[in-house]
Amino acid sequence: GIQVEQSPPDLILQEGANSTLRCNFSDSVNNLQWFHQNPWGQLINLFYIPSGTKQNGRLSATTVATERYSLLYISSSQTTDSGVYFCAASNNYGQNFVFGPGTRLSVLP
Amino acid sequence: EAGVTQFPSHSVIEKGQTVTLRCDPISGHDNLYWYRRVMGKEIKFLLHFVKESKQDESGMPNNRFLAERTGGTYSTLKVQPAELEDSGVYFCASSQDLGGTGKQFFGPGTRLTVL
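Going down the list, the protein sequences come from chains A and B. Quick note: the first sequence uses our numbering, first residue 1, plus one each step. Quick note: the second sequence uses our numbering, first residue 1, plus one each step.
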């Protein structure tokens, strides 16, 4: 089955800094999502982005399906951005999403 | 609009007992999914309902787990009998599109502890 990797595993930033999180997947995908798990454990869907680029406020994501990776950009980071960011990919329309191990982000005041 | 809700938020049971977890998807979402994250491991897919039908149950670990979605609304996940390795967080998610595309919205999860 599809394998999903994320890097870096941990990231510490000062408030206001920018960052890029990466997601690599081992096979072609037709669905990809980015999630933020907040400190209370809630998974928040940030982007549904099987290809192309999307932006939502300070966050943007780009998926290059032909090269099997996706990037999540966080600009002007805030302490509320802290948490774990997961990438999840699927290569079947049955939506069996495979999650990556996550990137743990800590934004310091 | 209410999000995906799950009950209970926490459950502590002894090995061998039975536990039933409930998920209420977002109203109108035909697709419902169960995932779980056991300690130290990644979030794993368990199964996918389209309305009341099981579309994909390839992630169900064994026959101690039974998921139902009667009437295509809420879903239950029963673990009987529970084992120590079943401890973890069980997430439910729903999405709107019948074809399975589109964003998945997750519930807050049920933290299950088996002693």
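What the hints contain is simulated information worked out from the structure, not anything from laboratory work. C-beta: ideal position from N, C-alpha, C; glycine also. Wrong hints could be hidden among the right ones.
[As the list claims (entries may be wrong)] Below, in silico cross-link-like pairs of lysine to aspartate or glutamate (DMTMM-like), each with a Cα-Cα straight-line distance of 25 Å or less:
id, chain 1, residue 1, chain 2, residue 2
1, B, K103, A, E5
2, A, K54, B, E83
3, B, K103, A, E67
4, B, K44, A, E5
5, B, K103, A, D81
6, B, K44, A, D10
7, B, K103, B, E52
8, B, K41, A, D27
9, B, K41, B, D97
10, B, K41, B, E85
11, B, K41, A, D81
12, B, K15, B, E83
13, B, K78, B, D30
14, B, K41, A, E15
[Stated by the list, open to error] Output of the computed footprint for chain A on chain B, the stretches with three or more beta carbons under 8 Å from beta carbons of chain A:
id, region
15, 13 to 25
16, 61 to 69
Outcome of the hint check:
1. Among the hinted pairs, K103 (chain B) with E5 (chain A) is consistent with the structure: their alpha-carbon atoms are about 20 Å apart, no more than 25 Å.
2. Pair hint K54 (chain A) plus E83 (chain B) does not hold up; C-alpha atoms about 43 Å apart against a cutoff of 25 Å.
3. For a cut-off of 25 Å, the pair hint linking K103 (chain B) to E67 (chain A) stands: about 22 Å separates their Cα positions.
4. This hinted pair checks out: K44 (chain B) and E5 (chain A) have alpha carbons roughly 14 Å apart, not beyond 25 Å.
5. For a cut-off of 25 Å, the pair hint linking K103 (chain B) to D81 (chain A) stands: about 20 Å separates their Cα positions.
6. Of the pairs offered as hints, the one joining K44 (chain B) and D10 (chain A) holds, with about 21 Å between alpha carbons and a cut-off of 25 Å not exceeded.
7. For the hint pairing K103 (chain B) with E52 (chain B), the CA-to-CA distance comes to about 20 Å; that is within 25 Å, so the pair holds.
8. A threshold of 25 Å between alpha carbons decides the hint, and for K41 (chain B) with D27 (chain A) the separation of about 21 Å falls inside it, so the pair holds.
9. Taken as a hint, the K41 (chain B) and D97 (chain B) pair is broken in the structure, with Cα atoms around 29 Å apart against an allowance of 25 Å.
10. A distance of roughly 12 Å separates the Cα atoms of K41 (chain B) and E85 (chain B); the hinted pair therefore holds under the 25 Å criterion.
11. Distance hint between K41 (chain B) and D81 (chain A) is fulfilled; the C-alpha atoms sit about 23 Å from each other, no more than 25 Å.
12. Restraint check for K15 (chain B) and E83 (chain B): satisfied, since their Cα atoms lie roughly 5 Å apart, inside the 25 Å limit.
13. Proposed proximity of K78 (chain B) and D30 (chain B) is supported: the alpha carbons are some 21 Å apart, at most 25 Å.
14. Under the criterion of a C-alpha separation no larger than 25 Å, the hint pairing K41 (chain B) with E15 (chain A) is inconsistent with the structure, at around 29 Å.
15. Coverage of a stretch by a chain is defined here by at least three residues with a beta carbon nearer than 8 Å to that chain's beta carbons; for the region 13 to 25 of chain B and chain A the count is 0, and the condition is violated.
16. With 0 residues having a Cβ less than 8 Å from any Cβ of chain A, the region 61 to 69 of chain B misses the three-residue criterion, and the hint is violated.
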